[in-house]
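**Student:** Based on these hints, arrange chains B, G and X on the given structure of chain U.
Number of protein chains: 4
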Amino acid sequence: MKTALIGFGRAGKAVASVILTNPDFKLEWILRKRPSLTGRSASEVLGIESDDPGKVISASGVDMEKILDENPVDVIIDFSSEEGIHRYGKAAASKGIRIISAISHYGDSEKSLLRELSKETVVFWSPNITLGINYLMFASRFLQKIAPWVDIEIIEQHFKTKDGISGTAVKLAEALDVKPADINVVRAGGIVGKHEVIFGFPYQTVRLIHESISREAFGNGAIFVAQNLRDKPKGLYNFEDLLHPYFNDHLN
Amino acid sequence: MKTALIGFGRAGKAVASVILTNPDFKLEWILRKRPSLTGRSASEVLGIESDDPGKVISASGVDMEKILDENPVDVIIDFSSEEGIHRYGKAAASKGIRIISAISHYGDSEKSLLRELSKETVVFWSPNITLGINYLMFASRFLQKIAPWVDIEIIEQHFKTKDGISGTAVKLAEALDVKPADINVVRAGGIVGKHEVIFGFPYQTVRLIHESISREAFGNGAIFVAQNLRDKPKGLYNFEDLLHPYFNDHLN
Amino acid sequence: MKTALIGFGRAGKAVASVILTNPDFKLEWILRKRPSLTGRSASEVLGIESDDPGKVISASGVDMEKILDENPVDVIIDFSSEEGIHRYGKAAASKGIRIISAISHYGDSEKSLLRELSKETVVFWSPNITLGINYLMFASRFLQKIAPWVDIEIIEQHFKTKDGISGTAVKLAEALDVKPADINVVRAGGIVGKHEVIFGFPYQTVRLIHESISREAFGNGAIFVAQNLRDKPKGLYNFEDLLHPYFNDHLN
Amino acid sequence: MKTALIGFGRAGKAVASVILTNPDFKLEWILRKRPSLTGRSASEVLGIESDDPGKVISASGVDMEKILDENPVDVIIDFSSEEGIHRYGKAAASKGIRIISAISHYGDSEKSLLRELSKETVVFWSPNITLGINYLMFASRFLQKIAPWVDIEIIEQHFKTKDGISGTAVKLAEALDVKPADINVVRAGGIVGKHEVIFGFPYQTVRLIHESISREAFGNGAIFVAQNLRDKPKGLYNFEDLLHPYFNDHLN
Numbered sequence: 414m415k416t417a418l419i420g421f422g423r424a425g426k427a428v429a430s431v432i433l434t435n436p437d438f439k440l441e442w443i444l445r446k447r448p449s450l451t452g453r454s455a456s457e458v459l460g461i462e463s464d465d466p467g468k469v470i471s472a473s474g475v476d477m478e479k480i481l482d483e484n485p486v487d488v489i490i491d492f493s494s495e496e497g498i499h500r501y502g503k504a505a506a507s508k509g510i511r512i513i514s515a516i517s518h519y520g521d522s523e524k525s526l527l528r529e530l531s532k533e534t535v536v537f538w539s540p541n542i543t544l545g546i547n548y549l550m551f552a553s554r555f556l557q558k559i560a561p562w563v564d565i566e567i568i569e570q571h572f573k574t575k576d577g578i579s580g581t582a583v584k585l586a587e588a589l590d591v592k593p594a595d596i597n598v599v600r601a602g603g604i605v606g607k608h609e610v611i612f613g614f615p616y617q618t619v620r621l622i623h624e625s626i627s628r629e630a631f632g633n634g635a636i637f638v639a640q641n642l643r644d645k646p647k648g649l650y651n652f653e654d655l656l657h658p659y660f661n662d663h664l665n
Numbered sequence: 414m415k416t417a418l419i420g421f422g423r424a425g426k427a428v429a430s431v432i433l434t435n436p437d438f439k440l441e442w443i444l445r446k447r448p449s450l451t452g453r454s455a456s457e458v459l460g461i462e463s464d465d466p467g468k469v470i471s472a473s474g475v476d477m478e479k480i481l482d483e484n485p486v487d488v489i490i491d492f493s494s495e496e497g498i499h500r501y502g503k504a505a506a507s508k509g510i511r512i513i514s515a516i517s518h519y520g521d522s523e524k525s526l527l528r529e530l531s532k533e534t535v536v537f538w539s540p541n542i543t544l545g546i547n548y549l550m551f552a553s554r555f556l557q558k559i560a561p562w563v564d565i566e567i568i569e570q571h572f573k574t575k576d577g578i579s580g581t582a583v584k585l586a587e588a589l590d591v592k593p594a595d596i597n598v599v600r601a602g603g604i605v606g607k608h609e610v611i612f613g614f615p616y617q618t619v620r621l622i623h624e625s626i627s628r629e630a631f632g633n634g635a636i637f638v639a640q641n642l643r644d645k646p647k648g649l650y651n652f653e654d655l656l657h658p659y660f661n662d663h664l665n
Numbered sequence: 414m415k416t417a418l419i420g421f422g423r424a425g426k427a428v429a430s431v432i433l434t435n436p437d438f439k440l441e442w443i444l445r446k447r448p449s450l451t452g453r454s455a456s457e458v459l460g461i462e463s464d465d466p467g468k469v470i471s472a473s474g475v476d477m478e479k480i481l482d483e484n485p486v487d488v489i490i491d492f493s494s495e496e497g498i499h500r501y502g503k504a505a506a507s508k509g510i511r512i513i514s515a516i517s518h519y520g521d522s523e524k525s526l527l528r529e530l531s532k533e534t535v536v537f538w539s540p541n542i543t544l545g546i547n548y549l550m551f552a553s554r555f556l557q558k559i560a561p562w563v564d565i566e567i568i569e570q571h572f573k574t575k576d577g578i579s580g581t582a583v584k585l586a587e588a589l590d591v592k593p594a595d596i597n598v599v600r601a602g603g604i605v606g607k608h609e610v611i612f613g614f615p616y617q618t619v620r621l622i623h624e625s626i627s628r629e630a631f632g633n634g635a636i637f638v639a640q641n642l643r644d645k646p647k648g649l650y651n652f653e654d655l656l657h658p659y660f661n662d663h664l665n
Numbered sequence: 414m415k416t417a418l419i420g421f422g423r424a425g426k427a428v429a430s431v432i433l434t435n436p437d438f439k440l441e442w443i444l445r446k447r448p449s450l451t452g453r454s455a456s457e458v459l460g461i462e463s464d465d466p467g468k469v470i471s472a473s474g475v476d477m478e479k480i481l482d483e484n485p486v487d488v489i490i491d492f493s494s495e496e497g498i499h500r501y502g503k504a505a506a507s508k509g510i511r512i513i514s515a516i517s518h519y520g521d522s523e524k525s526l527l528r529e530l531s532k533e534t535v536v537f538w539s540p541n542i543t544l545g546i547n548y549l550m551f552a553s554r555f556l557q558k559i560a561p562w563v564d565i566e567i568i569e570q571h572f573k574t575k576d577g578i579s580g581t582a583v584k585l586a587e588a589l590d591v592k593p594a595d596i597n598v599v600r601a602g603g604i605v606g607k608h609e610v611i612f613g614f615p616y617q618t619v620r621l622i623h624e625s626i627s628r629e630a631f632g633n634g635a636i637f638v639a640q641n642l643r644d645k646p647k648g649l650y651n652f653e654d655l656l657h658p659y660f661n662d663h664l665n
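Keeping their order, the protein sequence lines are chains U, B, G and X. What the first sequence shows, in our numbering, is residues 414 to 665, in sequence order. What the second sequence shows, in our numbering, is residues 414 to 665, in sequence order. What the third sequence shows, in our numbering, is residues 414 to 665, in sequence order. What the fourth sequence shows, in our numbering, is residues 414 to 665, in sequence order.
Treat each hint with caution, since some may be false.
Copies of one chain are not kept apart here, so a pair can be met inside one copy or by any two copies together.
[What the hints assert, rightly or not] Derived DSSO-like pairs: lysine-lysine, alpha-carbon spacing no greater than 30 Å straight-line:
hint, residue 1, residue 2
1, Lys645, Lys584
2, Lys415, Lys558
3, Lys426, Lys558
4, Lys607, Lys558
5, Lys558, Lys573
Bear in mind the hints are in silico, worked out from the structure with no lab data behind them.
Next up, chain U with everything else stripped away, as it sits in the complex (with noise of 0.2 Å):
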């Protein structure tokens, strides 16, 4: 599958590490804002082997018609920031490609924007692009449906310097009508990312929890959620609807 990566920071570069070396797909190039590194290869920077063209290209004054028709992909990856939808949506969708965006947070003019697009083409957006957390979040709420009673609340852990709430954390409560002071948030040392739904029930408790090693894990959920696109027809997509075929195969 022919990729092209928007956003080279520290996500952007996990993700294009892990989809460099995965064989059924391509990196053909990245789009980012920051000047630095145009024109050399992902692989080169990254010091990865591999023979995706990867070619790193800057956002500024970029003509993205062009760019997509000289460059052709299947699929578009976002992990920029929340105005990069403006800059390559339109001539994306208008082309039929697949956009894929794990931005955290969009305005109500982006999800608008997303809506539009996903007219004329399949459109995913995720804000944790996880296998993980997307799980969590679903077999949690499932939990809580089966027992709608119980007692429910969060720890997120991160290291110190990370500010604010954990979003992952905040769209759990959300998910599961937990008030945001049962979210417990705990800021130690380089602790990465370690989430827990605790299920206090009467007699026994039950703990989901998600442990993040490093950032490489969106570029595997984004692979996922790549895959799992491959049959789709055009539309708005999130992260539980991919899970959903797998329930109707585990209900039968």
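**Tutor:** Just chains B, G and X now, kept in the frame of chain U:
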């Protein structure tokens, strides 16, 4: 719901205490092998305030048909041993009484009898009847379906004197294709019971944990089962069958 | 060792059950505020086989001197409330009886009285008398000494209805200079009690965890204390004083 | 403190990166077996900003005396292999250079050499040089001293491809008299490293846990050791020796 209990050992007592205090259930009588406590009421034996009769009946020389005629019930909950079903099974089924068995192990003859009885009434059997453990099993198998290649190991921890591998851990291992060597067994102090299913991804780890606080969890599990069997047609059921409708709900 | 117990609530009962079955200790009597159970033996009330007298005595209108003369003991273990010490303290100290108090909170007047009494006998006071929690406190402070700059946070988890922050967590926080905001409080289901001290280093995390299984832990803690006070001269002691000799041992 | 590093594999590189950015240490040179990277500076190879020379020197045909004369250092940190000590040991000791070895295993000949060298200089050796693991070992042995009869088991978890039982777990087991069968080994996904020592009491459980985030922890451990060896007289030291003074402090 009028309820009868078979067995009054540690598990049976814990279950009885939960039923006695649940307003939707009325414990009518308890059948046990040992003659001690015969004639006394469960609430009095356990020191729990309740109007439920909960009369303790000795199984020796008892005429099940007569007991069921004189003390009719809607459901029988079995926490005795694998012979129990032979005692009350046919009589209960012939009267359309629902049977809920939590016996940890049945041989072929008992399994055969269960299938027989299920032609006449609703029969439920689960070696572990806690909601938490059955949820863990279901949620684990679902994650494995999404990520068939993920590494899975199991850790089960119990009090020092517990013999052999936890039946729950064995069942989890079978369901997930985990090699017996990958069931890690800890025996220490007074740990009531802790099961952990570890899913090792390249860049993230998911841990599904169940901790037992006390045996009353069996009681709440039996109650959950009784409530969810209410509208079911006759047949043979296990815990997973009861979780399916919640999945269907979850998808829509 | 002849022992008396002050208080017969949930903690007191759990402690009594442990002492009754310990061959090195003989429970002579129990003093309690409420008049119920007066005259009965603890073993009979708790349904535990033991030859210990364990006679329940009502505190109202009681003459402590007389009780201590007629039923002499070596040590008194107090699990009642903060007024208790005023009742038995002076009489016990004058007879050189060792006092072990596990009262969670004392005001200035009680603390003053303890110091008074410690001039005549061995007086021990610890708000939490379990070996595990006191070990956690000691081990935590030691790690902080080795790495004064490490990030420390505390997570305490208890059953849904537990009011206020765990006194143990508050004490841990004070000992480690952890800000109250960094004590994370979870209230869910029937969790008996779990305390975790998290030490966040840049590239590793150390977690010291204590899990309560049941209140009998207080009994074993009281026994540990009684055994370790045996050779001590009169004075005022806390749990840390009892752990020091093991440290000295540990160094050599 | 002028520092030299022996070995530049994954551990060596992680340690180098920590030393390069520590203002109290200056990485002068790195001796390695393989000829690649010879002549380059560590900061340039690792892409880290630092003024430290950190010159990579190939060990083949090298004259240690000459290297040490031309590039004097205060301390040598060894992360190479068990043969390393034979290369630099005598030359370093004769110049009174402190030796810090983190080699995971030495045979009798090397141990003998270490003792020899310790007559002339300060020699430190620890198979695991992280502060966290050594603390765990010390704290575990202390708890066992307080409660000699407590049940102890160990769980070690690592990435799928790690061969054999963790050396750290083996060392912990030996120190605590834990039977090899009670070392539970989990191999799954990308788990960097997690060691848990479980202390099972009848009514409470204590868990001491160490989680590795990344190899830079070795670097911080080596730095801790270097700082704590500063005032020591010549002799042979291990990590426990360095923790003792903190214990003494802790007692007073």
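**Student:** Could you run down the list of hints and mark each one as holding or not?
**Tutor:** How the hints compare with the structure:
| no. | hint | result |
| --- | --- | --- |
| 1 | Lys645 <-> Lys584 | within (26 Å within a copy, 36 Å between copies) |
| 2 | Lys415 <-> Lys558 | between (40 Å within a copy, 27 Å between copies) |
| 3 | Lys426 <-> Lys558 | between (38 Å within a copy, 29 Å between copies) |
| 4 | Lys607 <-> Lys558 | both (24 Å within a copy, 23 Å between copies) |
| 5 | Lys558 <-> Lys573 | between (35 Å within a copy, 20 Å between copies) |
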